[in-house]
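Student: Here is how the chains run, residue by residue.
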Amino acid sequence: MHKLRDSLKRPKTLRVIVELEARSPEDKDLEHLGDLGLDVEGIVGNKVVGSIPAAKLEGLEADESVRMVERSEKLGLH
Amino acid sequence: MAKKKHVAKKPAKKSAKRAAKKRVSAKTKHPRAGKSVLEKSPLSKLDPMLRLGASRANVEARFHPRSLEVPAAVERPEAVSSLPLGIQSLASHMSKAGAERLRTEDLVSVVVDCRAGESVRDLVDQWGGCGTRVSPSTVVARVPRTELESLARLSAVRYVEASTRLKLHSDLAHVSSGLVRAGVPTVPQTGAGVLVGIVDTGIDVSHAAFRSGGKSRIVNYLDQFTDQEFDSAKIDAGDAAGSTDTVGHGTHVAGIAAGNGGGSPSSSLRGVAPEADLAVVKSTLETADILTAIAHIFDVAKARNQPAVVNCSFGGHAGAHDGSSIIERTIDELSGPGRIVVVSAGNEGSDSIHAHGIVRGEGTTPGRWEAKFSLNPRMFQGESGPVELGILFLQVWHQREDRLNVRLRTPGGNFFDPPAEGSSEHDFGSFFVEASRQVHPYSGDTLVTFEVITLPQPNWLSNWTLVAEEASPAGAAVGAVHAWISDGSAGRFTTGATFEYLIGMPASAYSAVTVASYATRNQWKSRDPQNPSIHLEALELEALSSFSSPGPTRDGDTKPEVAAPGEWLLAPLSKDALASELPLFTRVAGIEYASLRGTSMSAPYVTGSLALLLQKDASIDWSEAKRRLIKSTRQDRHSGVCWNARWGYGKLDVERLLTIEPHA
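Protein chains in written order, with this note's numbering: chain A, 1 to 78; chain B, 1 to 664.
None of these hints come from the bench; they were simulated from the model.
Please read these numbers as outputs of a predicted model, since none were measured by experiment.
Some hints here could point you the wrong way.
As the list claims (entries may be wrong) - So these bits of chain A aren't anywhere near chain B, every CB distance computed over 12 Å:
id, residue
1, Pro25
2, Asp27
3, Lys28
4, Gly37
5, Gly42
6, Gly59
Said to hold, decoys possible - The calculated lysine-lysine pairs, modelled on DSSO-like cross-linking and capped at a C-alpha distance of 30 Å, are:
id, chain 1, residue 1, chain 2, residue 2
7, B, Lys302, B, Lys631
8, B, Lys302, A, Lys28
9, A, Lys74, B, Lys372
10, B, Lys631, A, Lys74
11, B, Lys372, A, Lys3
12, B, Lys626, B, Lys302
13, A, Lys74, B, Lys575
14, B, Lys575, B, Lys234
15, A, Lys3, A, Lys74
16, A, Lys12, B, Lys631
17, A, Lys12, A, Lys56
Even glycine gets a Cβ: it sits at the ideal position worked out from N, Cα and C.
Using the sequences plus the hints, can you model the full thing?
Tutor: Pasting the structure below:
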C-alpha cells in the first residue's frame, strides 16, 4: 500500500500563499523567501503568492519571518 | 404568480372566455396521455386559446424564428423593414409573396405536437405559413388563422397549442426580489458608475449583454491562465477573443449581476445592474490566484475612481470554517468603503460532508462521540497509469482548551492516533492512513487531519469511524467537535452528519456577504429536442433550494446573511460553452441565454443589488451594506422566522434595500 501511495502522482512543486510577519514586505524579505526556495509570483499586502518545491515546504513554514503558509487550494464552482 | 401563463393581454369577450373555460374543464386528459373524450373531434386538438378567434390579440404574437418567446404587444407593422429583427430575419428567408403575407396576413404562432413533423411543416409552408421542426414530434409554426382547423384535422397532428408569451420582461427573479413590479423597475438605480467585478471562468466578451453603444462594457479583463490583460479598447479590437469562457459559468454569473439584456427579446433578460461597468478575471480558481484576482479588481476600481463589488461564486471545504484562512482574512483586509465582496454560500446543503458532536461526559465518565464514514472509489493517475482507489481527506476541529483524543477506527477495528504534534503515517496493508495534529495559528483551535487511502474493496471503503473522547473526566469545557470531508465526491458521513455548518471557504469570510439560494423559475423553452419544454413541476417556487448550504460558521457567525433567486435563472450563454458543461436542456431556445441554478447564481444577484446601492452611496462599506441588506429582507412562509441557518436573515428585497436610511 505504501508503494501504491507513493506511486500516485503528487506535485513536486506546491503553490502556496505565505503570510509574513512583516506588514509591508520589503525587497530583502522577498529575497529571503527566495533563499528559502519560494518563487514569488505576487504580493497582496503581507501575503505572498508563489510556488516552492515540496521538499522545501517545511523550511518555509519554520522560518521566523513567516506567520502562516497555506497550500493554494483549487475551489469548486457553485 | 410565476405559474401563470402569460399571454398578450386584451380582454376576451365574456362568452368566448366562458366557452374556453368550459372546454378546458372538459379536457380530462393531456393529449399525449392517450385517448381522451376530446380526441373524438379534430377541433378538440386545438388549444382552447386558439379558438378565441374573436379576440385576436389573445393569440396574436409575432413569430420569433428561433424561439417560442415572442415580444409582447407588437402591432401589425407597416412594412417588413419595420418588423422586429427576428421577423425580418424570418422574412428574409421567405419568398417575396411569403414575406408579404407575413406582413399582411392574420398569422398565428403555434406549437404542433405531431407525427411526421416534416410533412406537417411542408403543409404549413404550402398554406403560406412557415414552420420549423424542433424535434421529431414538435413543429413550431406560424399558420394562417383560416388554416388552423385544417391543421387540427390532419391525422398526423395530435395537438395544436397556442404559442404563448413567457414572462420574460425581466426575469421572474426580479419580481420576487422586488426589483420589478408590473414590468417596471421599482428603483431608479442601474449600477451606472459602479464597477462589478467577476472572478470566475471568464466571459464571452462578444455577448450582446456586455456591449453598449457598439462598445464593450468590460473595462478590464484579466486572463490568469495567460497573464494577458485587456481593456475595453483591446476587447473591441478583438484582442481578447482567445480568452474564451468554455465553461459558461462566468458569462452567466456576470449576466445575472450586470448583463443589460442584449440578445434577449426587448432586452428583457436584464441583469440586476445593467449599466454597471464590468471587470472580469478568468481565474484558475486556486486560492492563490483568487486572492490576487480580487486585489486586481479593487486596483482597477481605484484607478477608475469607482466603487466596486466583487462576486465570488465558488468555494471549498478545506480550512477552519470560521473565516480565518488567509484568503478570507485577505478579503477582510481588501474590503472597505466602496469595496464589497459577495460570496456564494455553497451547494452542499444535501451533502453528508460535515459531522458535529459535543464530547462532554457526566461525572467520572469521559465524554465520547463518534461518526462513521465511507469512501467512494475513484480513478487516480499513478506513475504507471490509472489506478482505482478510495482517497479521503478529513479535517477535525476542536477548541484547544478541550483535552480530547481524536482517533480513527479502521474497518477492521484497529485504532489510529495522530501524534501529539506533527504528522505520522501507517501502512495497514490494504489501506494507508496519514494523520497530523497542529494548533491553527489564527483561530487558536486544534486541527487534526486524516488522509485515508484504501484499495477499492467494499470492506475497506466503508465502516470507518471517527472517534473523539475526553482525555479525562471533565477534560472538555465546551467539547464541540466539527469534522469535514473536504471533497464530497471522496466520501460521506454515514452517521453523525448534520446538515448545518456547510458554509465553506471563502464564504465564511467575516466581511463577505454570503448568499443562499431559493427558486424563482421552474420552466423554460430549451434547445433539447427531447425536452423542448422544461417544466420542473416538483420544484416549488419561492422555496429554498435544496442544495443551498446552511450556516452558521464554526465560530457561530450568522451566515448566510441573505437568500436570493438562484434556482433556474436565465442569463447570457457563452458562445464557447462546451456541451459537456452546459447541456442542451440548459440552453434557452432561440436566444443566447442559459438557465442555470446554484448559489453561484444567487450570489451575483446580490452583487448586482449592491452595485445599485453603491451607485446611491459610493462610500458604503461591507458592514453598512450588510446592515441594510439585513434590515430590508423579507420573510414568508418558506423562510420562517429569520435568522435561521438556511435562509439567513431572509429574502433579498431590492426595493427596500435602496430605501433603508444610512445608519445614524
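Student: All hints, please: hold or fail.
Tutor: Consistency of the hints with the structure:
1. Pro25: 14 Å, holds
2. Asp27: At about 19 Å from chain B, A:Asp27 clears the 12 Å cut-off, so the statement holds.
3. Lys28: 22 Å, holds
4. Gly37: 16 Å, holds
5. Gly42: 5 Å, violated
6. Gly59: 15 Å, holds
7. B:Lys302 / B:Lys631: The hint holds at about 29 Å.
8. B:Lys302 / A:Lys28: 28 Å, holds
9. A:Lys74 / B:Lys372: OK: A:Lys74 and B:Lys372 at ~27 Å, within 30 Å.
10. B:Lys631 / A:Lys74: Distance ~35 Å between B:Lys631 and A:Lys74 Cα, so the pair is violated.
11. B:Lys372 / A:Lys3: This hinted pair holds, its Cα atoms lying about 27 Å apart.
12. B:Lys626 / B:Lys302: The given pair, whose Cα atoms are some 22 Å apart, holds under the 30 Å limit.
13. A:Lys74 / B:Lys575: At roughly 25 Å apart (the allowed maximum being 30 Å), B:Lys575 and A:Lys74 satisfy the hint.
14. B:Lys575 / B:Lys234: 19 Å, holds
15. A:Lys3 / A:Lys74: 26 Å, holds
16. A:Lys12 / B:Lys631: 50 Å, violated
17. A:Lys12 / A:Lys56: 10 Å, holds
When the structure is compared with the earlier hints, violations turn up for hints 5, 10, 16 and for no others.
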